[in-house]
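Listed here are the chains, written in short residue letters.
Protein chains: 6
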Amino acid sequence: MATVPLLSDAEASPEARAVFDDIRAVRGTDYVNNFWRSLAADPEQLAEVWDAVRATMAAGALDPLTKELIYVAVSTSNGCGYCIHSHTAAARAKGMTEAQHAELLRVIALAARTNALATALQTPVDAGFDRTGTEAGS
Amino acid sequence: MATVPLLSDAEASPEARAVFDDIRAVRGTDYVNNFWRSLAADPEQLAEVWDAVRATMAAGALDPLTKELIYVAVSTSNGCGYCIHSHTAAARAKGMTEAQHAELLRVIALAARTNALATALQTPVDAGFDRTGTEAGS
Amino acid sequence: MATVPLLSDAEASPEARAVFDDIRAVRGTDYVNNFWRSLAADPEQLAEVWDAVRATMAAGALDPLTKELIYVAVSTSNGCGYCIHSHTAAARAKGMTEAQHAELLRVIALAARTNALATALQTPVDAGFDRTGTEAGS
Amino acid sequence: MATVPLLSDAEASPEARAVFDDIRAVRGTDYVNNFWRSLAADPEQLAEVWDAVRATMAAGALDPLTKELIYVAVSTSNGCGYCIHSHTAAARAKGMTEAQHAELLRVIALAARTNALATALQTPVDAGFDRTGTEAGS
Amino acid sequence: MATVPLLSDAEASPEARAVFDDIRAVRGTDYVNNFWRSLAADPEQLAEVWDAVRATMAAGALDPLTKELIYVAVSTSNGCGYCIHSHTAAARAKGMTEAQHAELLRVIALAARTNALATALQTPVDAGFDRTGTEAGS
Amino acid sequence: MATVPLLSDAEASPEARAVFDDIRAVRGTDYVNNFWRSLAADPEQLAEVWDAVRATMAAGALDPLTKELIYVAVSTSNGCGYCIHSHTAAARAKGMTEAQHAELLRVIALAARTNALATALQTPVDAGFDRTGTEAGS
Chain A
1 MATVPLLSDA
11 EASPEARAVF
21 DDIRAVRGTD
31 YVNNFWRSLA
41 ADPEQLAEVW
51 DAVRATMAAG
61 ALDPLTKELI
71 YVAVSTSNGC
81 GYCIHSHTAA
91 ARAKGMTEAQ
101 HAELLRVIAL
111 AARTNALATA
121 LQTPVDAGFD
131 RTGTEAGS
Chain B
1 MATVPLLSDA
11 EASPEARAVF
21 DDIRAVRGTD
31 YVNNFWRSLA
41 ADPEQLAEVW
51 DAVRATMAAG
61 ALDPLTKELI
71 YVAVSTSNGC
81 GYCIHSHTAA
91 ARAKGMTEAQ
101 HAELLRVIAL
111 AARTNALATA
121 LQTPVDAGFD
131 RTGTEAGS
Chain C
1 MATVPLLSDA
11 EASPEARAVF
21 DDIRAVRGTD
31 YVNNFWRSLA
41 ADPEQLAEVW
51 DAVRATMAAG
61 ALDPLTKELI
71 YVAVSTSNGC
81 GYCIHSHTAA
91 ARAKGMTEAQ
101 HAELLRVIAL
111 AARTNALATA
121 LQTPVDAGFD
131 RTGTEAGS
Chain D
1 MATVPLLSDA
11 EASPEARAVF
21 DDIRAVRGTD
31 YVNNFWRSLA
41 ADPEQLAEVW
51 DAVRATMAAG
61 ALDPLTKELI
71 YVAVSTSNGC
81 GYCIHSHTAA
91 ARAKGMTEAQ
101 HAELLRVIAL
111 AARTNALATA
121 LQTPVDAGFD
131 RTGTEAGS
Chain E
1 MATVPLLSDA
11 EASPEARAVF
21 DDIRAVRGTD
31 YVNNFWRSLA
41 ADPEQLAEVW
51 DAVRATMAAG
61 ALDPLTKELI
71 YVAVSTSNGC
81 GYCIHSHTAA
91 ARAKGMTEAQ
101 HAELLRVIAL
111 AARTNALATA
121 LQTPVDAGFD
131 RTGTEAGS
Chain F
1 MATVPLLSDA
11 EASPEARAVF
21 DDIRAVRGTD
31 YVNNFWRSLA
41 ADPEQLAEVW
51 DAVRATMAAG
61 ALDPLTKELI
71 YVAVSTSNGC
81 GYCIHSHTAA
91 ARAKGMTEAQ
101 HAELLRVIAL
111 AARTNALATA
121 LQTPVDAGFD
131 RTGTEAGS
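Chains as they are written, first to last, in this note's numbering: chain A, 1 to 138; chain B, 1 to 138; chain C, 1 to 138; chain D, 1 to 138; chain E, 1 to 138; chain F, 1 to 138.
There may be inaccurate statements among the hints.
One copy or two, it doesn't matter: identical chains are merged, so the pair holds either way.
20 Å max Cα-Cα, derived SDA-like pairs, lysine to any residue [claimed, not checked]:
#1 K94 to R131
#2 K94 to T134
#3 K94 to D126
#4 K94 to A61
#5 K94 to T56
#6 K94 to D9
#7 K94 to Y31
#8 K94 to G128
#9 K94 to D63
These are computed hints drawn from the structure, not numbers from a lab.
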C-alpha cells in the first residue's frame, strides 16, 4: 500500500523518466526501486532528492560505506522500514560484511539504550562539551 | 536539572566508585562526566552500561571513530541532547575532522529528509530487498 | 494483524454500535474504517476519541483542510502508517489537490531535514523567540 | 523559554482561574505547575486536559502508581523533558521507591534497545501474535 | 520481510541453538519467536539480549506484569510494531485483563497528547522538580 | 550550549557571510538567528539549506502561513526545541492569531493521541486507502 501511485516508466512525465534513466545509468542496472517511483508525481522534487543522494553519498571526507551505515542508523531510529531495507541493501552492495552489520546493530542498540537512560534521567550536559564560544574551526 | 541526584565520589557507593575509578583509568583523565554520576544510584546498572559501552565501542569489524559517528546519528534521531554532546566530543577526541563532521551532518539531514518522504508516501518495500528466506550468512 | 480484534457491528456493544452509527450519519457513508473497530472494545474511549475528532477537525480559526494537512504532518513524523493513510485520504476528500500534496511533502521533508540539523548542532534558542514573559494575549 | 506566556492567576481568564483553583483543591497545594499556566491561553483546552488527566490517572483496573510509571515511560520515549520531570515527581509523590525507579529505568532502556534491534532487523511479526480475527473480549 | 535471514534450528550455530533451547526451557514451549531467530546471526548478541530480558523482566521491586505494560508503552512510543505485538501478547500471558489493556491504552494516549502540548509550548521545567542537588537516596 | 561554534560575521567565511547578507536582505532585518550561525562552518550546506527554505516556504499551492503551521507540527513531533521556537515565531510574523495557534495545538495533540492508539492497536490499513494501483494524477 502507498498513499500515491507508483509510476511506471509509461506513466511518468518526461522529466521523471529522465531521472529514472539517470538512476539506471549511474547504478548500472535496469531496476528503479519503489522510492523513486513513489516520488515521481513531483518530478522537480524527484530530481532534487536524487541529486542530493548522489552528491551526499559520494566519497568525500567519509567513505561511501560509512555513510550508508550512518543512513541505516538514522533510518532505524526514525522507524522508516523502507529506508532500513533499501540502505541495508545498499550497505551490503558497498561491501558491508556480516561482522560489520552485527557491530552496526550493536552500536545502534547501545545508543538507543543510553539515549533512553540519559533522557529519563534528564542528565545535564557537562560544561566541557560546549563548543559555542570556541573559535571557528578550532 | 535532573530527575536524580548526580552522585559525587563521596556520595557514591563503593561499587559505583569502583566504576568511576575504572572510567578514569581507561580514559586517562580524572573527570567523570555527568551521565555516569546520574546512573550511579543503581551501581549494578552503572557497571553493566559501562561494560557495554567499553566492549561495544572498541575496535572490531568497525573502527572506533565510525562507531562514534553512528552513535551521534542515533542520538540525533532520538533527540538526546546529552548524548549528542558527549558523543560529538568523543568523536572529536577519536580524530573526527571538521570536514568529517560536516559530512556526518549532511548524511543525517539527508536521511531524515528521505525517511520523512518514504514514510509520508508509505512506499512499499521492494521484494528484492527481502533477506528472510536467504541462507544464513549469505 | 492487530493486537485486538476488529469488532463487527454484530460483535460491538450497543454503546460502540451507537458510535459506529454516528460515524456513518456524520460522514454519509456505510463504511466504518478499521481504526474505530479496533477501538471498540472500550466503548467509552471510542466515544471520547470520536467526539474529540469531530470537534477538533471542524472549521474554526483554521479550515478543515489545513487541519488535515497538519494531521498528516504529525502522523508522518510519528511514523503512524495507519494515520498517514487515513488522513491523506481525508485530506483528498476535503479537496487537497496533487499540487498541495506535493507541497505538503516538501515542507514535511524540509522540516525533518532542518530539525535533524538543529538537533545535531544543539543550536541554542535565540532570546528573541522567548514569549514566557510577554503579556497574556500579546 | 516558552512559545507562549505562562499566565499568572491575575493574567488568566476566569475560566482558566477556575481550573487552577480545582487543581489546587484536588492536589491540596497552592502551587500550580508551569504546564497548566502555559496551557491557560486556551481555557477550554486547559479544562479538557485537566479533566482527562484526573479521570485517566485515577485508580481503576491499574493503580495510580503503575499509571505514572507508564506515563514516564511514554514521556521518555517521546523525549518530553517537561513531562519526564513532572511525572517522575508525581510517581515519587505516589510512593515510587528508589528501587522501583531503578527498575523502571532498566525496563525503559531494555525496551529501547530491543525496539532498535527489531526495527533494524525488520523482524516480521509472528502469526501467533495476531488478534484481528479473535472473538471480541476473548 | 526482514533485513536478515530468520535462522531455523538447523541453520543456527551451536551457540545460537543453545539460546533457543534455553528460551524453550524457560518458557515451557517449543516455539521460538521470530525476534530471536532474526538476532541469531550474532550468537553473542543473541545471548546477551536474552540474558538481559530474563534478568530485567523478572519479579523485583516491580512485578512482571507492570514491567510488560511499561515495555508496551515504550514500544508504542518508539513505533516498533514487532515489539508492540510480542509484548502485548506477553502481558496477556502474564494476566493482563481487557480492562487493564484499555487503561494502558488510555494512559499511553494521554501521555502522547500532553507530551505534544508541553513540547509545542516548550514549557520550562519548574524548579521544584529538580533533583540534581538532593542528597543521594533522598 | 552547542556542538559547534556560532560564527559571528567576522568569523564566517566570505561564502557564509554572503548567505548571512542574503538572509538580512530577504527578511529586511539585521538579525541573523543562531541556526544559520551554527550551520556556517559548512558554507555550502548553509547556502543549500537557506535556498531550500526560501524556495519551499514561498507561496505556492499552499500559502506561507499554512506551511509554517505544518513546520511547527513536524518540529513538535520530532521534539526539536529550536525549530518549534523559530517557526512558531515565523508563523506569528506571517499573521498567525492566538486562536489559530490554539487550534494548531489542538490538532497536534489530537493527532499524537490517535497516532499512539493506532500504533498500540496495530490497526491494519483499510484496503480503500491504498493508492498504489491508481492511475497517475488521479
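Verification of the hints:
For a Cα distance limit of 20 Å, the shortest separation of K94 from R131 across copies, 17 Å, qualifies, whereas the shortest one inside one copy, 34 Å, does not. Taking the shortest Cα distances, K94 and T134 sit within 20 Å of each other only across copies (19 Å), while inside one copy they are farther apart (37 Å). For the homomeric pair K94 and D126, the shortest alpha-carbon distance between copies (19 Å) is at most 20 Å, but the shortest distance inside one copy (38 Å) is not. Taking the shortest Cα distances, K94 and A61 sit within 20 Å of each other both inside one copy (17 Å) and across copies (15 Å).
With identical chains, the CA atoms of K94 and T56 are at most 20 Å apart within one copy only, with a shortest distance of 15 Å there and 23 Å across copies. Taking the closest pair of Cα atoms, K94 and D9 never come within 20 Å of each other, the shortest separation being 27 Å inside a single copy and 30 Å across copies. For the identical chains of this complex, K94 and Y31 are intra-copy neighbours only, at 17 Å inside a copy versus 36 Å across copies, given an alpha-carbon limit of 20 Å. In the homo-oligomer, the alpha carbons of K94 and G128 lie at most 20 Å apart only across protomers (16 Å), although the nearest pairing inside one protomer, at 38 Å, exceeds that limit.
Taking identical chains as interchangeable, the C-alpha atoms of K94 and D63 lie at most 20 Å apart whether they share a chain (10 Å) or sit on different chains (17 Å).
Of the numbered hints stated above, the single one contradicted by the structure is hint 6.
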